[in-house]
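Asker: One-letter residues, chain by chain:
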Amino acid sequence: MRIKHAVLTLWAALVTLPLLWAFMSSFKTDAEIFDSPWTPPAELRFDNWSRAWDQASIGQYLLNTLIVVGGALALTMLLGALTAYCLARYEFPGNRFIYYLLVAGMLFPVFLALVPLFFVVDNLGLLGTYHGLILVYAAYALPFTVFFLHGFFRSLPGAVAEAAFIDGASHAGVFFKVMLPMARPGMVSVGIFNFLGLWNQYLLPKVLNPDPDHYVLAQGLAELAVSQGYRSDWSGLFAGLVIAILPVLLAYVFFQRQIRAGLTSGALK
Amino acid sequence: MRHGKYRFLVGALIVPLALYGVFVLSPYLQAFQLAFTNWNGVDSAPEFTGLDNFGRLWSDPLFLAGLRHNGLMLLVVPLAVIAIALALAAATKGTRVYRVVYFFPQLLSVAIIAVLWQFVYTPNSGLLNGALSAVGLDSWRRSWLAEPDLALWCVMIVLIWSSVGFYVVLFSAAMESVPEDIVEAAAIDGAGPVTVFRRITLPLIWESVQVGWIYLGIAALDGFALVQIMTVGPGGPDNSTEVMGLGLYRTAFAFGKFGYASAMGVAIFFLTLSIAVLLLRVTKRERVELA
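Chains as they are written, first to last, in full-length UniProt numbering: chain S, 1 to 269; chain H, 1 to 291.
One chain only, chain H, in its complex shape (with noise of 0.2 Å):
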């Protein structure tokens, strides 16, 4: 069994490694030096400018712009989805079919998705305006993605749109896991559904819920595709939408200002890092056995 076990084993892992060590560990790495530098892609020799670009970051309007709607974005897409999901799949208990419906965003495209819903928030031949007039509520309606105050909740609904369906098959999954037994002594000893919700089911199923908030916290601080194919700008209209992702596709690829562009980019990695410290630590809980 020895024989050759070497030979294989460099065999077998030389071009993965090769593949993951010049795609994705050496720009990893290289972003980290990148952002020192004012590098603009064409000089040889990126001149050392220090912490130059970070502090250039905390008086960039457009970043801060981002970071802002990035923020705003954490603070209401996992609550509300989590919400909704924990809501459905309680509710979903017995008739699967709506969950296969659910589901179905979860397998498209996020370019597609908003592609798809640019159309939705069109003025003139959108259906969300020409719902609004079928129901008899004309003066709603508006030019959804045009309007300042409108236009990052519609991105946002969006979002929640298309990441429901997903949690509540996972936190549904992990309810049908819940024993019956425990449900029934607690119903008979009087506890209502939201008592048994709140005291019982949750408790059980808290895992899911745990990486459902960390994975939806690193998506709200996204939102490129969204913002990049649905709004005007894109980042608009008065960079009410911008997002930090955005920001650093534009400072690099638009105006050519890598060095930058990478401070931003590590500045990202922070921030993702820490909300998902942050929220991992937060959602902690007593791992509840079942004997």
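Pulled out of the complex, with its shape left as it was, chain S reads as follows (with noise of 0.2 Å):
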């Protein structure tokens, strides 16, 4: 029993030592964090925070990821349930096919079309700009999204559609106002799916991103830390990397049960 204690709180140490550390340095100067790494500000100053949200800025990283992980979020969750529901629902000839196609796309590592990627990406004149970020997230996010709400529009009764049609609803009508809201529990569970992982993207907007003005959150912390500009204010980044960090431990902090079943359905499906 102690033994078991002990290597539980051994790993709870591990994983949030390295947390709190970086949340208490994001509050000394620079001068603390170098000569003593471990012992707490002599005063809190919030100015490393305004400093790295202005400045380093990591304000204007978190707007742009704002806009284009909720575009694309968006765009995803609509073409993605209209997308499943059309395939689960209707009989066509090529529903089989089309199915495939689309949940093949889950099987091949994005570092295959990251090459040509980048020119067609280019050739649309969509680099470094908003809507082509979240059409590209919206594009590699679809996959998984058609794949798990296949299912469940197909486990949804037929009933309740039937009744719709014989009232006289349209076929838009009824995935609207009928089915859609009947799988919801399938659209919150893959849109945390997806939010976590448009928000954590790091190889897409690396490559299809450059302009610094347009920097995604991840890319931007990344971009400071590996430029050589980073030695001269450790604070702010620190400052910058806690920022980066808040927004999801707050919603993990109201949101945990479902984020956690969320993720973890996406994963055994």
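There's no promise every hint is true.
[Stated by the list, open to error] Going by beta-carbon spacing under 10 Å, a handful of chain H positions derived as facing chain S:
#1 Val76
#2 Ala80
#3 Ile82
#4 Ala83
#5 Ser109
#6 Leu116
#7 Gly130
#8 Trp161
#9 Gln228
#10 Leu273
[Unchecked claim] If you want the footprint, here are the derived chain S segments under chain H, 3+ residues with CB under 8 Å:
#11 14 to 23
#12 41 to 55
Read the hints as simulated data drawn from the structure, not as lab findings.
Idealized CB from N, CA, C, for every residue including glycine.
Two chains, each in its own frame: build the complex with the hints.
Answerer: Dropping the structure here:
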């Protein structure tokens, strides 16, 4: 029993210590960080945070991320649900072919597509634009979304939809007013899954988003850390790191059960 | 009900399929084509060079270094993560609060994890050396990411650190569906906790473990973001942390050898696919059905 709790506590410490340490360091001066990495700051220096927000552009990166991830998530969910619904509830020639073609997209590593994708996006004039990233993000999130929701729409009872058709509802009307609301639990799971996947993207923006004004958060922060400039402002970079972690932490505190269920059910599909 | 069915279907499917075709399907297909050319992105017509690119891969020391390092990661990371996660999942039975904490790194962007751990490993002001000094182990202090023998292990530790929590949650959810009475019956028959785990729990949750092997195997063949952000060079010191993805990225976007980079992509694709199929085969077991 004793050993068990010691092991559990040890891993909890391994997980939390780096994060707490970064939080603590974000309030210190550079000198304090260099002299004694372990001691708490003499006073809470919030100006590190405001420096990170303004001068290091973390605020701008956060805004960019919200625009790109928000747009891509909305587009993915709308198109993914619509596609999954059509493939799951309608018989038509080519149905299976389209389904397998879409789902096959999950088998390929993004690295394989990287070079041609760069030129496709470049030729369309979409390199470094919000809408370019949104379209690419949505395209790559589509296969899993369709795969996940396809099973979900299949399992929904058909009687309600039939009743709506008899009442004179259109195909689109049945989808939006009847079937989509019934698929809510599935939409929430796959929505959480997609949100985190898109929020955490690094490879795609690294290649497709070379414009520093449009950097997303993960990319911008990594760029700051890798570039030489950071050596002059450690405390600001720590603050930027903490600002990047906090939104996810807050979301997790409030929705931790749904988030864990959403992510693990996605894996087991 | 038949009225307007095809109009609706066409209207609904045309946009997602166009998006998928342009940004996913066509790049994948083009990659196979480009891999047989020496295209540098400038010439209007790529020159067909047959299998030259693939021949070069086998004598490219940097690509081979990447292959070796991804291979080592493949041997170390999945095994370590699954072992740690199984142990922790078994131990957290009844104490859910740990799982909530363990899961958190799963939510962080790999780029943010890389920046965080770069700070942890920093020689003079980092958390790790500070911790070693604090417990009197000054002689253990190292320039973690600057020593060729250590750097790749440091990267793998970060990969393990960030993955374990997810599998703890996955495995413990599976363990909760193992019926109590079977475990109790085995205990009455004199089975110790280790036997119960090996003979009862593990076979019953094997499907989750299998999923873990495959996902972690695929992740071990990547490692791009961690290496690119954390290591010097990146890929250093002395190419000791080079991974295949980094080689592809550099070949394409630093050197402009897009044909050769596409050949690397094709190689990575076939490797990933073979590893996934292999792991699926090796981890295959008789499925245990509960009556």
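Asker: What hint numbers does the structure not satisfy?
Answerer: Failing hints, ascending: 1, 2, 3, 4, 12.
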